[in-house]
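Student: Going down the list, the protein sequences come from chains A and B.
As numbered in my numbering, residues 3 to 196 make up the first sequence, in order.
As numbered in my numbering, residues -11 to 452 make up the second sequence, in order.
No lab work stands behind these hints, which were simulated from the structure alone.
Don't be surprised by glycine CBs; every beta carbon is placed ideally from N, CA and C.
Please note that a few of the clues may not be correct.
Label pairs and their calculated CB-CB ranges [to be verified]:
| id | chain 1 | residue 1 | chain 2 | residue 2 | range |
| --- | --- | --- | --- | --- | --- |
| 1 | A | P22 | B | E57 | 53 to 63 Å |
| 2 | B | E281 | A | P20 | 16 to 26 Å |
| 3 | B | D36 | A | A121 | 33 to 43 Å |
| 4 | B | D25 | A | G58 | 10 to 20 Å |
| 5 | A | F29 | B | G267 | 41 to 51 Å |
| 6 | B | S351 | A | P20 | 19 to 29 Å |
In silico lysine to aspartate or glutamate, EDC-like type, Cα no more than 20 Å apart, as pairs [as the list claims (entries may be wrong)]:
| id | chain 1 | residue 1 | chain 2 | residue 2 |
| --- | --- | --- | --- | --- |
| 7 | A | K36 | B | E33 |
| 8 | A | K15 | B | D54 |
| 9 | B | K293 | B | E35 |
| 10 | B | K220 | B | D54 |
| 11 | B | K356 | B | D14 |
| 12 | B | K220 | B | D266 |
| 13 | B | K15 | A | E95 |
| 14 | B | K(-8) | A | D120 |
| 15 | B | K220 | A | D53 |
| 16 | B | K74 | B | E29 |
| 17 | A | K41 | A | D53 |
| 18 | A | K15 | B | D266 |
| 19 | B | K220 | A | E176 |
| 20 | A | K15 | B | E35 |
| 21 | B | K23 | A | E95 |
| 22 | B | K293 | B | E118 |
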Amino acid sequence: MSSRDEVLARIRKNQPPPLPLPAAPAFGGPAGSKLERFKTALARMGGKLADPPADGDLDGLIARLFPKAGVICSATPEVAGNRRLDQMRQPAELDDVDVGIVRAVFGVAETGSLWLTDAQFRVNTLGFLAQHLVALLDPARIVLDMHHAYRERSQFDARYGVFMTGPSATADIEGILIHGAQGIRTLTVVLAAA
Amino acid sequence: MSMKRIDHAEASSKFIKAKDHLDFHDKRLWDLRTKRDREAEGMPEWEDLRALASAIKEHTLTHLADYLEEFERNAIANGAQVHWAKDAAEHNQIVVDIMRSRGARTLVKAKSMLTDECDMRPFLENRGIEVMETDLGERIQQLDDEPPSHIVVPAVHKLRGDVARVFSETIGTDAKNSDVHYLAESQRQHTRPYFLRADAGMTGANFAVAETGTVVVCTNEGNADLSVHLPKLYIASIGIEKVIPKIEHLGVFVRMLSRSALGSPITQLTSHFRAPRDGTEMHIVLVDNGRSERLGMPDFWYSLKCIRCGACMNTCPVYRRSGGLSYGATYSGPIGVIIDPTFNLRKYSSLPFASTLNGSCTSVCPVKINIHEQIYKWRQIIAERHQLPFVKKEAMQIAGKILANPRMYRAAVGTAGTGIDLLPRFMMYNKLNAWGKQREVPKAPDKTFRQWYLENRAKKRGKR
C-alpha cells in the first residue's frame, strides 16, 4: 500500500461524523469612502501614497521621487524606465534594480493591500529584488474588504498572485519594526486611473 | 530527537533566572496580545468570523480525505508534483530524493513549523545539502543552534545583545554593535547572495485550497517569495490539516491570522502559489506525521483546526514567564501543551501541567479550539496512565482523599490553620514541586471561612 493510500485510508477510518459547511459570509463593513479607508490602512502598513502628476508624466514623477535611482525597471507600458524586462533571461538578473514599477489589478480598502499577479510583474522577482516598488492603482478599483477581494474569483487562476501590503518588514528583534526586511524597502502607491 | 521526559518546571528555571530576558519576554508578548485585542474589538463581526472559521475547519476535517484528494487532483492539473509522507522520516527522505535527483545542493527556505517538527534541517545537512533559513528570527535560531521558541516570532526570547553576539560569531558583524537596524540589514545583505544562487526553495503553507490546488503563504519579510521565484525548484511542505475547501474561505482566515498573531490587519505579503512558472518545477509534500491518528481522538481532534497564529502563547501567563524553549518541543505554549502529548505521551507528560487553566487561550483562539478543556483532559489521561511526576501524584492523592471526605477536610483545615498546610511543607517546597518553587505560596487567612461563618452568621441565627 502506498503512503498516499495508507494516509487516506487512516483519515477515512478516523474522520469524525460529518459537519456541514457554513454559508459564505457577507459583512457590510464600515460606512465611508473606500478610497479614504485604503489610504489610512496603507499608511498604517508602512506604504506611501503619491498623487498622479498633473502633466501625466509618470517617468518624471518617478525621477522626482527617486533622484538617485540608477536602474528603473517597469512592467507597465505606462512608464518607460531605463531597463527593459523583455530582455530578461533569469529572474536573478533583477538584482540590481533600484526602482520597479507595476500596475496593481485592484486594492483592498480594509487592509491597504494591492493584488498583483505574474501577469502584472511579468518577472515575479521585480516585486522582491527591487529596492523600491512603485505601484499604479486605479482609485475606482478598490474593493471593500478581503471577502470581496477573494470574490474576484478569476484572479485566483493566475499561476502566482500576491496581496502586497506595504513594503517587506520584520519585527523579529525585540519587536522593533523595520521596513525593508528581505524584499522591497519602500512601496509607493500612485493613484492613477487605468 | 531525545525521548527523555521533559521537565517543564526545571527547564524554565534557567529562563526565569535571567531577569532582563524574562521581563522583556513577558512585556513583548503581552504587547502582541494587547494589539490583537485592539484589532478584534475594532471589528463588529469578529465573533462571527471566529464561529465561521471554526465551522469551516470542522467541516473540512470531517471530510478531510475528499478535500485532500481534490487538492491533489487540482495541484497535479496545475503542473505540480504531489508526494505523500506518512511520517517525518518519509517527508525528509522525499525532500532529499527530489533535490538529489536534480543535482540540487543548496536550499533557501521560509519559516515552516512542519520542517522543524520533522527535524529536517540536520537530516539534509548530514547529507551534504546546505540549508539557509531566510526568516530573520528563524535564521538567528539556526545560527545559534537553537530551535525556535515561538511559532510566529522564533527568537522572541533573545535580546538585541544576544543577536549581536550570535551574528558577530557567525556572519561577521561588529560584536559591539547591537543596533537593531544594523543587525537586520546585516542579515539582509548576508542572505541575498544565497537567494540568487540557490538550487531549490522551500516554504510551508498557511492554507492549501482544495478548489484550485493553491498553496497560500502569509509572511512579512519577502523571504518566502524570494525563495520561490528565484530557484528552478520549489518544494512546499504541508501538513494535511492545512487544506480548506474554497478560495472564498481565505477571506475568513486571512482576516483573522495576522490580527490574532501580531495585531496587524494582514501580513505584508499573502502569497498564492498555484502553478510553477515556465521551465521550473513545483513539488508539494503532504505530511501526516500523527495527524490522521489525532483525527480519531474524540476529545483532541479539534486541535487540528489550529492556524498557528500563536495568540494562545502570547496570552498565556505560564508561557510568557517560562519561555518557549522550556517546553522542549516544536510546539510550545497552550497549543503545544495539547498537541505534543499526541506525538509522545511519556516525553511530554509534564506539559499539560504548565498551565493555570485560566481559559485565556481558548477565548483568544481565532478558530475556537477549547484549549484549556483539552489541557484538563490530558491531565486526566496522564494521571490514569501513571505518567504523573511523583510529587504531583502523591500530593494529589492525599488532597484527593481529604477533599473527598468533608469530616477529614474540616479536621485537616481546622487543626492546621490553613488549607495550604494540608500538604506537608516538605512537599510544597521540596526541589521537585513546580508550584512552590519560583514563589512563596500566599499566606492563608487566620480563620477558615467555615470558622468565620460559625462565629458570625450561625451564632446570630442562634443555631448550633
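Student: All hints, please: hold or fail.
Tutor: So, going through the hints one by one against the coordinates:
1. A:P22 x B:E57: 53 to 63 Å: violated, 20 Å
2. B:E281 x A:P20: 16 to 26 Å: Cβ of E281 (chain B) to Cβ of P20 (chain A): about 20 Å, so the range 16 to 26 Å holds.
3. B:D36 x A:A121: 33 to 43 Å: For D36 (chain B) and A121 (chain A) the Cβ distance comes to about 34 Å; the hint holds.
4. B:D25 x A:G58: 10 to 20 Å: At 46 Å between Cβs, range violated.
5. A:F29 x B:G267: 41 to 51 Å: The hint (41 to 51 Å, Cβ to Cβ) holds, given that F29 (chain A) and G267 (chain B) are roughly 42 Å apart.
6. B:S351 x A:P20: 19 to 29 Å: holds, 28 Å
7. A:K36 x B:E33: holds, 18 Å
8. A:K15 x B:D54: holds, 13 Å
9. B:K293 x B:E35: holds, 16 Å
10. B:K220 x B:D54: Answer violated: K220 (chain B) to D54 (chain B) is near 31 Å, above 20 Å.
11. B:K356 x B:D14: Violated, at about 24 Å.
12. B:K220 x B:D266: Within the cut-off at roughly 9 Å; holds.
13. B:K15 x A:E95: It is violated: about 43 Å lies between the C-alpha atoms, which goes past 20 Å.
14. B:K(-8) x A:D120: violated, 49 Å
15. B:K220 x A:D53: violated, 39 Å
16. B:K74 x B:E29: violated, 41 Å
17. A:K41 x A:D53: holds, 12 Å
18. A:K15 x B:D266: It is violated: about 40 Å lies between the C-alpha atoms, which goes past 20 Å.
19. B:K220 x A:E176: violated, 35 Å
20. A:K15 x B:E35: violated, 33 Å
21. B:K23 x A:E95: Given that 20 Å is the threshold and the Cα spacing comes to 40 Å, the pair is violated.
22. B:K293 x B:E118: violated, 33 Å
When the structure is compared with the earlier hints, violations turn up for hints 1, 4, 10, 11, 13, 14, 15, 16, 18, 19, 20, 21, 22 and for no others.
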